[in-house]
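Enquirer: Each chain, written out:
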Amino acid sequence: MKRSLSILLAGMLLVGAVAISGCTDTKMEIAGTEEITTNELIAAVGTHGGEPESGFNPITGWGYNHEPLIQSTLFKKDSNGALINDLATDHSVSEDGITWTVTIRDDVTFHDGEALTAEDVAFTFNTASEAGGSVDLSMLEKATATDEYTVEFELNDDQATFINKLAVIGIVPEHAYDENYGQNPIGSGPYEFVQWDKGQQVILEADQDYYGDEPYFQKLTIVFMESDTAFAAARSGQIDLAEIPASYAGQEVEGMKIVALESIDARGISFPTQPDTGEKSEDGYAIGNDVTSDVAIRKALNIGIDRQTLVDGALNGQGEEEFTGVDKLPWGNEEAIIEDGNVEEAKKILSDAGWEDTDGDGIVEKDGVKAEFTLLYAASAQERQALAVAVSEEAKELGINIIPEGASWDKIDTLALSTPVVFGYGSLDPTDLYLKYYSESYDPSSYNNIIMYSNPTVDSYLRAAITSSDQDTANENWQMAAWDGETGFSPKGDATWMWMATLDYLYIMDEDLDIGTPKIQPHGADIFGNILEWKRTEN
Amino acid sequence: MSTAAVTANRGLFKGFNLRQKTILLISCLSVLLLAIVVSSTFIDDNALSTDFRSKNLAPSLEHPFGTDWMGRDMFIRTLGGLGLSIVIGALASSISTVMSVILGLLSSIGKIEDSIVSWLVDLFLSIPHLLLIILISIGLGGGATGVIIAVALSHWTSLTRVVRAEIKQIKTQDYIHISRNFGRSRWWIAKNHILPHLVPQFVLGTIVMFPHAILHEASVTFLGFGLSPHQPAIGIILSESMKYLSAGYWWLAFFPGLSLLIVILAFDMIGENMGKILDPKRAHE
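Chains B and D, in that order, give the protein sequences.
For the first sequence, UniProt numbering assigns the number 1 to the initial residue and increments by one for each residue that follows.
For the second sequence, UniProt numbering assigns the number 1 to the initial residue and increments by one for each residue that follows.
Derived from the structure by calculation, the hints contain no laboratory data.
Wrong hints could be hidden among the right ones.
Listed below are the simulated DSBU-like cross-link pairs for lysine-lysine, each with C-alpha atoms no more than 35 Å apart in a straight line [unchecked claim]:
| # | chain 1 | residue 1 | chain 2 | residue 2 |
| --- | --- | --- | --- | --- |
| 1 | B | Lys328 | D | Lys243 |
| 2 | B | Lys348 | B | Lys142 |
| 3 | B | Lys257 | D | Lys191 |
| 4 | B | Lys411 | D | Lys276 |
| 5 | D | Lys191 | B | Lys328 |
| 6 | B | Lys396 | B | Lys411 |
| 7 | B | Lys328 | B | Lys535 |
| 8 | D | Lys243 | B | Lys396 |
| 9 | D | Lys55 | B | Lys396 |
| 10 | D | Lys191 | D | Lys55 |
| 11 | B | Lys347 | D | Lys21 |
| 12 | B | Lys366 | B | Lys411 |
| 13 | D | Lys55 | D | Lys21 |
| 14 | B | Lys370 | B | Lys348 |
| 15 | D | Lys171 | D | Lys276 |
| 16 | D | Lys276 | B | Lys198 |
| 17 | B | Lys280 | B | Lys370 |
| 18 | B | Lys280 | B | Lys257 |
| 19 | D | Lys21 | B | Lys219 |
| 20 | B | Lys370 | B | Lys142 |
| 21 | B | Lys411 | B | Lys198 |
| 22 | B | Lys396 | B | Lys348 |
| 23 | B | Lys370 | D | Lys171 |
| 24 | B | Lys257 | D | Lys276 |
| 25 | D | Lys191 | B | Lys411 |
| 26 | B | Lys535 | D | Lys111 |
| 27 | D | Lys55 | B | Lys348 |
| 28 | B | Lys396 | B | Lys347 |
| 29 | D | Lys21 | D | Lys191 |
Residues on chain D that point at chain B, a partial pick, calculated with CB under 8 Å [as the list claims (entries may be wrong)]:
| # | residue |
| --- | --- |
| 30 | Ser179 |
| 31 | Gly183 |
| 32 | Pro229 |
Small disclaimer: the values here were computed from a predicted structure and weren't measured.
Using N, Cα and C, we set each Cβ at its ideal position, and we do this for glycine too.
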């Protein structure tokens with residue numbers, strides 16, 4: 001009995017694994033596949049993590065970094081990343097940078113017919129600030145509606161980048177907001193929420209009273225699937241658009257095209273910059289790392305690793321080299337970009353700093369400390385796994401032993417203060433730099449300044465940048481923080497992180513689908529960012 | 001049974017008698033399994049390193065099992081995974097055997113001890129096995145050690161039951177009563193009269209437990225517990241291969257799955273034939 005059971009189990013594992021692709025083709029049932037009319041679109045795109053756990057609620061993070069579809073925001077970014085008005089008609093900032101006044105359109109209604117007023121805007125931001133969701137609103141003191149169409153935001157810090165927060169939080173109706181809002185959202189965006197079948201799909205329909213351009217696609221169905229399943233579904237014609245893994249770039253499907261969208265979504269390795277003194281964080285997690293706290297190690301890796309090899313190999317060619325985490329953005333510093341893949345130079349940096357291989361095992365040591373550390377990556381993210389493994393193999397040449405280890409985020413959170421982690425960042429909001437490198441941003445309960453970086457010069461640039469209302473001055477200071485000729489957070493300076501590459505997001509879509517000029521793709525991508533431009537071309 | 005006896009001596013290896021054939025079969029299979037374990041320990045990091053220029057290659061002479069999405073040779077990965085599985089299986093089997101010996105003998109001492117042991121067995125059996133493994137491995141902080149210890153610590157129940165039943169049966173035998181009447185202590189009886197009868201049970205139980213432990217290790221790693229996804233473990237290899245089936249890379253699942261099946265069958269056959277040798281009643285089958 002036991003014997004036959006074990007054989008049966010083994011056989012099932014084998015047969016099951018082989019048969020599963022067949023199952024996904026035949027058993028997947030998607031509502032609305034019976035008759036696809038041309039102005040309907042069925043898409044399987046991840047948009048950062050796929051199905052939102054807490055529903056379509058901007059307060060808890062829906063739409064942050066990507067088009068919320070159901071809700072609309074005060075400002076939007078155009079395809080160049082510049083801010084444009086959406087709900088807002090105008091805005092002004094007081095002399096001291098503390099009071100922001102925004103006027104909004106007077107012709108906007110929510111999908112339930114109620115008018116959208118300044119009260120709703122104030123309510124949204126006050127609630128989001130209290131909720132402490134994924135958008136950092138710590139600088140917001142309070143928002144008040146001064147009249148029906150004017151909102152005043154009072155800050156506790158004169159951060160000029162506050163306007164970016166106004167571009168990421170969708171406005172929710174005060175009269176219809178409760179803790180279940182995410183399950184049944186009402187907004188003022190181009191699409192009205194119809195139905196959410198948890199674990200399967202969400203159905204949206206174009207709102208006929210939408211104040212902006214009318215979308216071509218009247219019905220939008222977003223199905224939630226793993227990207228490989230999505231590919232199978234696209235191939236069998238069940239869906240019109242699917243986000244697919246980079247390894248599928250070479251596939252060909254009749255009647256469909258593969259489109260790669262460049263993104264600013266960078267993958268980098270955080271290097272704890274403080275030594276391990278035995279100190280623990282409030283939660284009892286270890287802090288600091290004796291190997292990565294040596295700038296020579298960080299610099300050697302930054303200079304010695306060949307990023308193009310990583311892109312060609314680990315990312316299947318679907319990406320671009322990245323050096324500072326913000327290379328492609330207006331606040332990226334070209335001067336900070338280095339010549340990489342230089343193994344000789346990297347070895348020289350190590351030996352100059354006293355790292356020598358004394359015991360002949362190919363790994364350098366200094367004062368009895370081996371140049372060895374664990375590199376954590378999220379086990380669920382394939383590209384991070386590939387990057388971690390590829391970096392660790394390249395680092396062997398430099399005499400640095402990197403041990404990749406896949407883990408869940410829960411586990412990574414307990415180790416991130418003492419162990420390098422492969423992170424992903426890509427935001428159109430430069431505040432990201434402030435949170436990452438400003439010494440006082442360090443907060444063990446978040447990923448802010450997780451490397452405990454502290455450089456007074458960089459701090460002063462960052463502070464100047466975030467408080468500067470003039471865009472050019474701000475960008476100049478952001479750039480100087482990376483490299484001012486003497487110091488900075490970039491590989492030329494303190495080499496605080498090792499940024500490796502930005503990803504391309506890969507989609508397979510119907511041949512006749514025209515997605516216009518996509519917006520800049522942030523972390524997690526935002527393919528629906530310009531949904532209003534989308535159409536099907538006539539055959 | 002009679003037909004088996006007639007046909008048994010035909011075909012290959014005519015010169016050997018049945019017992020020799022059985023031993024030959026057992027040794028061949030053992031050598032195969034041993035070869036897997038030994039060769040897997042010789043795999044160094046370089047053999048498992050990525051080569052992105054040769055990724056997703058179909059099986060060929062250079063890569064008999066093909067290569068995966070990072071250009072790693074699937075044959076070596078599979079070998080590494082099976083080696084790990086067998087080691088975990090060996091560990092689980094030996095720990096379980098030791099535990100069941102101890103618990104079995106403990107239960108033979110007296111009524112209270114017996115009910116404690118059967119209560120323990122019932123307790124562990126009442127939790128679904130896979131769940132128990134996951135619970136223990138998370139309780140131990142996850143990681144490879146977590147999985148190994150969890151698999152090792154959760155397989156003793158059924159063997160303990162068998163041992164306990166066997167002991168109960170032996171204890172009713174006359175010579176036990178006589179020995180007792182001669183004034184031998186319970187411990188002496190357990191050691192000298194009962195234990196020798198249990199040896200075949202232990203040997204068989206250990207071998208039959210192997211496939212169980214291996215499959216459980218594969219299932220747990222398949223579900224993503226324990227090992228990092230870049231490490232070779234048969235469950236990880238299989239779960240990773242699922243992602244590539246819609247791209248048509250069938251070899252990623254097929255060969256590792258088949259290898260797992262072969263290893264399981266090998267253990268099974270060893271167990272079965274070992275039974276024939278050790279059990280006098282079945283020796284002529």
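Enquirer: Taking the hints in turn, state whether each one holds.
Expert: Verification of the hints:
1. B/Lys328 x D/Lys243: holds (32 Å)
2. B/Lys348 x B/Lys142: violated (54 Å)
3. B/Lys257 x D/Lys191: violated (75 Å)
4. B/Lys411 x D/Lys276: The hint is violated at about 49 Å.
5. D/Lys191 x B/Lys328: Measuring from Cα to Cα gives roughly 77 Å; hence the hint is violated.
6. B/Lys396 x B/Lys411: Holds: B/Lys396 and B/Lys411 sit about 26 Å apart, inside 35 Å.
7. B/Lys328 x B/Lys535: holds (28 Å)
8. D/Lys243 x B/Lys396: holds (29 Å)
9. D/Lys55 x B/Lys396: Given that 35 Å is the threshold and the Cα spacing comes to 21 Å, the pair holds.
10. D/Lys191 x D/Lys55: violated (59 Å)
11. B/Lys347 x D/Lys21: violated (61 Å)
12. B/Lys366 x B/Lys411: holds (30 Å)
13. D/Lys55 x D/Lys21: violated (44 Å)
14. B/Lys370 x B/Lys348: It holds: about 17 Å lies between the C-alpha atoms, which stays within 35 Å.
15. D/Lys171 x D/Lys276: holds (25 Å)
16. D/Lys276 x B/Lys198: violated (55 Å)
17. B/Lys280 x B/Lys370: Given pair B/Lys280, B/Lys370 holds - Cα atoms ~22 Å apart, limit 35 Å.
18. B/Lys280 x B/Lys257: At roughly 52 Å apart (the allowed maximum being 35 Å), B/Lys257 and B/Lys280 break the hint.
19. D/Lys21 x B/Lys219: violated (71 Å)
20. B/Lys370 x B/Lys142: violated (51 Å)
21. B/Lys411 x B/Lys198: holds (27 Å)
22. B/Lys396 x B/Lys348: Holds. B/Lys396 to B/Lys348 sits at ~15 Å (cutoff 35 Å).
23. B/Lys370 x D/Lys171: violated (61 Å)
24. B/Lys257 x D/Lys276: violated (62 Å)
25. D/Lys191 x B/Lys411: violated (48 Å)
26. B/Lys535 x D/Lys111: violated (80 Å)
27. D/Lys55 x B/Lys348: holds (33 Å)
28. B/Lys396 x B/Lys347: holds (11 Å)
29. D/Lys21 x D/Lys191: Distance ~34 Å between D/Lys21 and D/Lys191 Cα, so the pair holds.
30. Ser179: With a minimum Cβ separation of about 34 Å from chain B (threshold 8 Å), the hint on D/Ser179 is violated.
31. Gly183: Nearest chain B Cβ about 41 Å off; hint violated.
32. Pro229: holds (5 Å)
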